[in-house]
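Need the complex rebuilt from these two chains, each delivered in its own frame; the hints are there to steer you.
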Amino acid sequence: MVKNVLEYLEASEAGFPDKNAYMDKNGKITFGDLGDRARRLGSFLARKSVKGKPVAVFMEKSVDMILGFMGTVYAGGFYCPIDVTMPEERIRTIFSVLKPAVVLTRESDREKVAKLFSVGDSNTDTDVIIYEEAIQYQVNVSVLNSIRKRSVDSDPLYVLFTSGSTGVPKGVVVPHRVMINNMEWLEKEYHFTSEEVLGNQVPFYFDVSDHDIYSVLKFGCSMVIVPPEYFAFPVKLVQFLNEYKVTAIFWVPFALCMAANLDAFKAEVPKYLKYIFFAGEVMPVKQLNYWRKHLPDSLYANMYGPTETYVCTYYNLDREFRDDESLPIGFPVRYADILVLDEKGELVEPTEDGSESRQGELCARGCTLALGYMNSPEKTAERFVQNPLQKGWPEIIYRTGDIVRYNSRGELEYLSRKDFQIKHLGYRIELGEIETAAGAVQGVETCACVYDMGRKMIVLVYSGEEISKRDMLRALESKIPKYMLPNRVLHLEELPHNANGKIDRKKLEGMVV
Amino acid sequence: MEELIEILKDIDPDVDYETCDTLVEDGVLTSFEMVMLVTDINQRMGVSIAPEDILPENFSSAKKIYELIQKSRGE
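Residue numbers (the working numbering), protein chains in the order written: chain A, 1 to 513; chain B, 514 to 588.
Watch out, some of these pointers could steer you wrong.
Quick look at which bits of chain B chain A covers, simulated, 3 or more residues with Cβ under 8 angstroms [stated by the list, open to error]:
1) 524-537
2) 543-551
3) 557-571
Quick list of in silico lysine to aspartate or glutamate cross-link-like pairs, DMTMM-like style, CA-CA up to 25 angstroms [said to hold, decoys possible]:
4) A:Lys-482 / B:Asp-527
5) B:Lys-576 / A:Asp-263
6) A:Lys-266 / B:Glu-565
7) B:Lys-576 / A:Glu-229
8) A:Lys-469 / B:Asp-529
For the record, the hints were derived by calculation from the structure and aren't laboratory data. The model shown is predicted, which means the values in this text are computed figures rather than measured ones. Quick reminder that beta carbons are idealized off the backbone N, C-alpha and C, glycines included.
Just chain B, same shape as in the assembly (with noise of 0.2 angstroms):
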């Protein structure tokens, strides 16, 4: 989880990942930051996320994003 949330603030440092659960809504991840975001868990988590599971409800929050992560790890 903390490798995730260094991730996330790299994208922007002004948000309390660990209460926030609007990423999408508030306009935290747009198509840039998720691609970013995607590519760096790709390469610093050595995880690769399915494109059928890159939808708003996987990542409203980095709770979400975490569970994800460990779904596609197979956990």
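If we strip away everything but chain A, and leave its shape as in the complex, we get (with noise of 0.2 angstroms):
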């Protein structure tokens, strides 16, 4: 039984030793020297003593940055992906939750490194490890040994941080069992071979990637980043997945919006694509039907589960669907179980008529769960809960806050979100979270954000002083990340409040959506 991913890195690294593992523009790495890289790097990490501590590892998206992550594992730490384009503040607030033990990063970034760290005090604990110093460390078998023996599949892997509504990015725990599990069904399900090749699309601090890493390690095939240029060029892309002979990817539905709406397969197509595999947002049906008119062979599958449950629901595209149906989400995994709670707590099933469900929140259980929130049991217990629906013992389920029900068909159907999270080109966005930053700009009095799903926007609406929209980006790109700018600014004299005094969020959204 496999208790830790690194059991796939050593199983694929015997068995294809001079095979390309991972590609980036700048280079590539077989599964010989990941290894050995990586048994390097955790040699060195372990005198740092990070066994169950976080290890942040602050790199531009590239192959190195994996090395910095199995390394990590082999020195029986968990890692923490920060990429250096995000703001500054940002990432102070993620270390500041995050508390590393160890900030792993190139050469080239060591003065950014140091000039986040003069800045608070909260992080005086941590080590900067320099990557190029690090992997040419002498291999400590022994010790390696030593950390792996003790190594249990609940050890945490990764965390992640999501957006928070109050303005603090959530960091989400995830434990080996659940990559584990998740590679276990691919295998079983898809049954993923050693002749893939993966086309990387999203950013390593969103889970979505994590599909890409371990499947490679798994299966010993073969993973390509796509550069993130090429998905404004269709014409680009095409002929780079289809010089990267690439089989499979897994993509947020955005990217795969762009290639049809650009129509990107006019001239060419990708003609080695078998796998097309899709999550993060809801998937329109109109531009998956544009993929499967160009790509018919390929199987489609839209997967499901925010990063506190990873994939947990998945549908394979098995029918024709009209543009204007929206898909299922469809069944669960099969490590994991979905129980939709009606808001009395009460099971909501599939009907036995053929009619849709009554609605309900999704939650999950089973070994699909992620530990909880980093450094906040508070956040934890407020989404990690007792099953109410099994009293003779403990038995923790997630609350996703997704709406959902059963269609007619006795699959899950997502409908809506019970508070202000959003899905915005595939990210999961708190509203609050942008409010929390434009609510410190100067001369801003109140605002609130709404989403124009039609066009896909973030509209920030503010009253105060008035600020024209350059001046107002400029201060929030200092606080969060690009993709979490809104798409329009509005100023109104006053925002529309209710009767006790809040701000009235379904009536502004009819002013300005």
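And the structure:
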């Protein structure tokens, strides 16, 4: 029984030592070199006693970053990917929650890290390790063996930060077993082989990337990072996919829609693609039908699951859908179970007469759950709760906040959110986080964000001093990532309020969308 | 050209479109903006840009985009 993802790495290293595991625009690494360098790095990090502690891997998205992850796992720690392009203020907030034992970075980013630590004193115990030096270190087999001997599959593997409604991102701690279960399921469900080539699209701080990273280790296949700029240029994108003979992609719907909206396959199609998976937001069927028309023999699957549950339901497209239909999120994966609970906490089940069921909140249970939120017992207790249907013993379920129902075929269907969380460009965003950042801009009195679903735009509405869009965005971009920046900024003399004195969001939506 | 500049200003008001010739390099036009731009050019200017013309070299500056629009119009 596999208990640590490194067992996958070692099996592929033994089976395919000279094969390329990961590729990016700057280079590639074989399984043999990956294992060797990760153990060197792990031996170095083990000297810093990172076992059971978080290591922030602060780099540009690259093959080296994956090596940083594996080195951390060899040392018994768990990694947190931090992209160097994130706004400094957000990185500082993440560090203050994460309290990393080590920040692993490249020589070229050493100064950036020093600057991050020059403000505030919450991370004075953090060591900064330079990647290029650490991978030269001598492997210490006995230390690595003793760390592995005591590892269990519930040990944390990584922590990913998601948007937080109060302005502070939440760190979701995910154990090895989640990824191991997912890989075992992938093998049974899709029969991936070592021949696959995965075309990686999303950032490493987004868990859709973990499917690619760990498929490579599990199946001995290869992954290439698709340069982000190609997603603006459809012909280049298709040429790239064909050049690397990419057979499988797991992208956010926005990336698939880009190809469809720009008629990317007019001249040439990605001819090696067999698996087309997507997750992160609702996939519009019209654009999906464009893909299905040009690539009719590929397998399409809608994957669902917030970071806290990884992939917990899936739907393999086995029938035609009209452009105006919505795609189901399907059925639980084999290592998870789904409970749909109504407002009273009672179970909603598919109807027997073939009609649509009542609505309820999707809750997940089983070996798919994260361990909770990093250094935040209160937030963990809010979402990771006792199963109300289980009175006999403790059993934790995760309340997603997603409202769903069973359709007439008994398939789960996503309907809406319980709160103000949105999905934009595949990213999960709490509108509250943007509002907190905007509320702190000088001159802003009150503000609120609404999401224009039709045009896929974040609209920020504020009162107070009138500020140009340029100045507002400039003030916000130091606090929140680029993908959270409002697409429209509107000034009102006063925001509408309801009888309780709260901002009337429904009315506001009617005014601006 | 004025209409094109207006469309571009909607995407990012912070850029000097008269002089900037690194719109792609500087990340002003990523995939999200590119879809917006091509859609807006189509809807507001009535010009359909062929996918094979959506190449970095045709979108490096407002001038280049305008030349592409003229070419797409058959001018």
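For Lys-576 of chain B and Asp-263 of chain A, compute the direct alpha-carbon distance and say whether it is at most 25 angstroms.
24 angstroms, holds
Pairwise hint evaluation, Asp-529 of chain B against Lys-469 of chain A, where the allowed Cα distance is 25 angstroms at most:
Roughly 15 angstroms separates the two Cα atoms, so the pair holds.
Does Glu-229 of chain A lie within 25 angstroms of Lys-576 of chain B when you go C-alpha to C-alpha?
20 angstroms, holds
For the pair supplied as a hint, Lys-266 of chain A and Glu-565 of chain B, is the alpha-carbon distance within the 25 angstroms limit?
8 angstroms, holds
Using C-beta distances, would you say chain A covers the segment 524-537 of chain B, given that this needs three or more residues below 8 angstroms?
With 3 residues in contact (Cβ-Cβ under 8 angstroms with chain A), the coverage given for the segment 524-537 of chain B holds.
Is the hinted pair Lys-482 of chain A and Asp-527 of chain B satisfied, with a Cα-Cα distance of at most 25 angstroms?
14 angstroms, holds
Between the segment 557-571 of chain B and chain A, are there enough contacts, at least three residues with CB-CB distance under 8 angstroms, for the coverage claim to hold?
Check passed, 6 qualifying residues.
Report holds or violated for chain A covering the segment 543-551 of chain B, Cβ cut-off 8 angstroms, minimum 3 residues.
holds (count 7)
In terms of the numbered hints stated before, the structure departs from none.
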